[in-house]
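So you can see what is in the structure, the chains are spelled out below.
Protein chains: 2
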Amino acid sequence: MATPELIKNATRRIAEIKKKNDVVVVVSAMGHTTDGLLELAHKITNEPKARELDMLLTAGERISVALFSMGLEKLNLKAVSFTGSQVGIITDTRHTDARILEIRGERIKKALSDNKIPVVCGFQGVSPEKEITTLGRGGSDTTAVALGADLVAERCIIYTDVDGVYTEDPNRFKGVKKIDKISYAEMLELSSRGAQVLHPRASNIAARFNIPVEVRNSFNNKPGTLITHIGGIEKPRPTAITHSENLYLVTLVQVPRKPTYLSQIVTELTNAGIHLKFFFHGISDAKQFDLSFITPLNERRQARTILNKVAKKLKINLIKESLEICSVSVIGTGIGSENRILAEIFNTLSKVKTHIDAVTTSELSINIFLKKKYLNKAIDSLLDKFHLRK
Amino acid sequence: MATPELIKNATRRIAEIKKKNDVVVVVSAMGHTTDGLLELAHKITNEPKARELDMLLTAGERISVALFSMGLEKLNLKAVSFTGSQVGIITDTRHTDARILEIRGERIKKALSDNKIPVVCGFQGVSPEKEITTLGRGGSDTTAVALGADLVAERCIIYTDVDGVYTEDPNRFKGVKKIDKISYAEMLELSSRGAQVLHPRASNIAARFNIPVEVRNSFNNKPGTLITHIGGIEKPRPTAITHSENLYLVTLVQVPRKPTYLSQIVTELTNAGIHLKFFFHGISDAKQFDLSFITPLNERRQARTILNKVAKKLKINLIKESLEICSVSVIGTGIGSENRILAEIFNTLSKVKTHIDAVTTSELSINIFLKKKYLNKAIDSLLDKFHLRK
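Top to bottom, those sequences are chains B and C.
Residue numbers for the first sequence follow the numbering used here, beginning at 140 and rising by one.
Residue numbers for the second sequence follow the numbering used here, beginning at 140 and rising by one.
Just chain B, same shape as in the assembly (with noise of 0.2 Å):
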């Protein structure tokens, strides 16, 4: 909703909505709202307090709901703006990522016996001693699933720039698919190993409350992609491929065998809040080993001081190799176990010269972790190979 005119196209969507079903609104901010105000707070101020930071936020939404509102207004309709607090979504204290706790919905629910639309605010809550909260990632659609979850909606409506969830990312890969339904745990899978169209927090919401989601285009009537049971009885394959790209593969070498140093390091690393998404020591010999471990990207900094830190307290010379790294997973109902699977995608990234850093299985995914100048060939050849193109 980055222009009142695209408002205005999005209010137009709720009121044929309307003619048929009762409906609720969930609305983020404008364009590059939620930029500016965090670009002004740093004009102020270097480190500003999670909780102002918060209350500065959720200025976003309460715009976005106030015109969309006026919006629907013009159509006729009659509609009520909502804050996340006035709605009863009730949340933990943790500032800027906080999780939601319980949703008390009755505000909503008398908004809706009174056949007006409720449009709320997305992304932000109230935590129990009344302060103000953001969800922090995917915000705008966990609000939306938790709120269908709560009101045991038929259908919660995702409305994006895309016509759905795509074997690929359709922006980058071409003659990608669009999937026409999806189980809720490939789709949590799928947006847990990169995908960005729907939040895994969204995700878990919706299958633990057997919410059907649709994420669909806001610019057409394109029927979108419908997240929900599918059945099928058993047929491992491929239904998606997803990638995740800002991750970074750190080896800290000829470590000191000492008996509590791997333990410090690593503890070390996640108290401080980095997340190890792999973590691997190599075998060792009688005086040392390599440890090897795979963050976030955008977390490199922060490990390298705390890495700093330990050794100066462990009194040894951590030597550091550190490398951009990829991850790419293909995600399919039970291919985890399926050994045929893990075989084809080998043969498909040799016969392209891919060399493949490290490989983790889980019950839905394969996820394979690359230099970045494989990935794309990487992709490209799985698409073909498992039929994942038009």
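The set of hints was computed from the structure by calculation and includes no laboratory data.
Some hints could be false.
Identical chains share a label here; the pair holds if one copy fits it or two copies do between them.
Said to hold, decoys possible - EDC-like mimics (lysine to aspartate or glutamate), calculated; alpha carbons at most 16 Å apart, straight line:
1) LYS188 <-> ASP236
2) LYS426 <-> GLU241
3) LYS374 <-> GLU241
4) LYS269 <-> GLU241
5) LYS454 <-> GLU186
6) LYS510 <-> ASP300
7) LYS317 <-> ASP236
8) LYS147 <-> GLU212
9) LYS313 <-> ASP302
10) LYS397 <-> GLU241
11) LYS157 <-> ASP253
12) LYS313 <-> ASP523
13) LYS374 <-> ASP231
14) LYS448 <-> GLU463
15) LYS510 <-> GLU191
16) LYS490 <-> ASP174
17) LYS374 <-> ASP236
18) LYS510 <-> GLU460
19) LYS490 <-> GLU407
20) LYS158 <-> ASP519
21) LYS529 <-> ASP302
22) LYS492 <-> ASP519
The model shown is predicted, which means the values in this text are computed figures rather than measured ones.
Starting from the known structure of chain B, arrange chain C on it as the hints suggest.
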């Protein structure tokens, strides 16, 4: 169902259910029947054909369904036994490890409409070419849930010898709690990481078709664990712990660094059917690298054979070091992206001086690989830490 007495006990349970609901029974072979038949086969030949094995093994469930039906008739209920083929469980053609393609369940529906109790052979099906197949591991659970899906059953009840799904194996860890309800996604992760109580194939089908599954004890009348949609908005916390003991970590040391060596080694392994759960090659210097992977322990011999063959082909001397290894998985919705929980795990394991060899994460699990000698104390400390005991 090891003895006639136990079969009678089970028929009484079914009779209770039949008072209020229509019911379809899926039975497995009695006690050690399958092992006994396998032993017989191996006394005849070292390498029985898979097709003939299937023909042989499916006799086990035939015996069970006939006896079970007789038991029900004895209770004055109308019962009718069916083979997998008779109730239209159509599978692919992979003998001894077939996957269900579809179910043509007309005969069951007819029997139900005649007020009969269909008693169906679990674990078996028939290919489109009318060849008898068996479903491999988890086959009986899979039959039951798949039939539940086809019949849109209100509930699928798995009778077993424990009271339900626990926070860890109750036969091994003291004071663990029975879980009343668990989400499809968590159950799937739990079973795919080692819990024996319900096979991942059955979990997968239950989730995709939204069939609630109850795991309960056939020896008492306590409510079991219900696998279903469970709600709960956003509280990432560990639900259960599971482990897998029979893994094998192999490291190839100082493999010469040539462009295709790595891919050839891995491709040969997967093409031969080795299940790589994890794979990592350490940092390489100009000349050589280390390559580590984790597979099921029972594939150790086969892996070794393949590696020797590859070494010969590549004309190199592969130095192998191998180690029996275990995994401990902490399961819970959203915990893979909750860094706090990873930190708590490391802190806890560090306090009990557990050495960790590797870690992988997914949205629903944190998986720790460690040596067998650390397994019990690692799990005990985590059960305490995350309040997973009574």
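Hint check results:
{"no.": "1", "hint": "LYS188 <-> ASP236", "result": "within (13 Å within a copy, 58 Å between copies)"}
{"no.": "2", "hint": "LYS426 <-> GLU241", "result": "neither (52 Å within a copy, 57 Å between copies)"}
{"no.": "3", "hint": "LYS374 <-> GLU241", "result": "between (37 Å within a copy, 10 Å between copies)"}
{"no.": "4", "hint": "LYS269 <-> GLU241", "result": "within (14 Å within a copy, 54 Å between copies)"}
{"no.": "5", "hint": "LYS454 <-> GLU186", "result": "neither (32 Å within a copy, 60 Å between copies)"}
{"no.": "6", "hint": "LYS510 <-> ASP300", "result": "neither (29 Å within a copy, 49 Å between copies)"}
{"no.": "7", "hint": "LYS317 <-> ASP236", "result": "neither (32 Å within a copy, 32 Å between copies)"}
{"no.": "8", "hint": "LYS147 <-> GLU212", "result": "within (11 Å within a copy, 69 Å between copies)"}
{"no.": "9", "hint": "LYS313 <-> ASP302", "result": "within (15 Å within a copy, 52 Å between copies)"}
{"no.": "10", "hint": "LYS397 <-> GLU241", "result": "neither (47 Å within a copy, 56 Å between copies)"}
{"no.": "11", "hint": "LYS157 <-> ASP253", "result": "within (14 Å within a copy, 46 Å between copies)"}
{"no.": "12", "hint": "LYS313 <-> ASP523", "result": "within (11 Å within a copy, 51 Å between copies)"}
{"no.": "13", "hint": "LYS374 <-> ASP231", "result": "between (41 Å within a copy, 10 Å between copies)"}
{"no.": "14", "hint": "LYS448 <-> GLU463", "result": "neither (22 Å within a copy, 34 Å between copies)"}
{"no.": "15", "hint": "LYS510 <-> GLU191", "result": "neither (40 Å within a copy, 48 Å between copies)"}
{"no.": "16", "hint": "LYS490 <-> ASP174", "result": "neither (43 Å within a copy, 43 Å between copies)"}
{"no.": "17", "hint": "LYS374 <-> ASP236", "result": "between (38 Å within a copy, 13 Å between copies)"}
{"no.": "18", "hint": "LYS510 <-> GLU460", "result": "within (14 Å within a copy, 27 Å between copies)"}
{"no.": "19", "hint": "LYS490 <-> GLU407", "result": "between (41 Å within a copy, 14 Å between copies)"}
{"no.": "20", "hint": "LYS158 <-> ASP519", "result": "neither (43 Å within a copy, 58 Å between copies)"}
{"no.": "21", "hint": "LYS529 <-> ASP302", "result": "within (15 Å within a copy, 49 Å between copies)"}
{"no.": "22", "hint": "LYS492 <-> ASP519", "result": "within (13 Å within a copy, 45 Å between copies)"}
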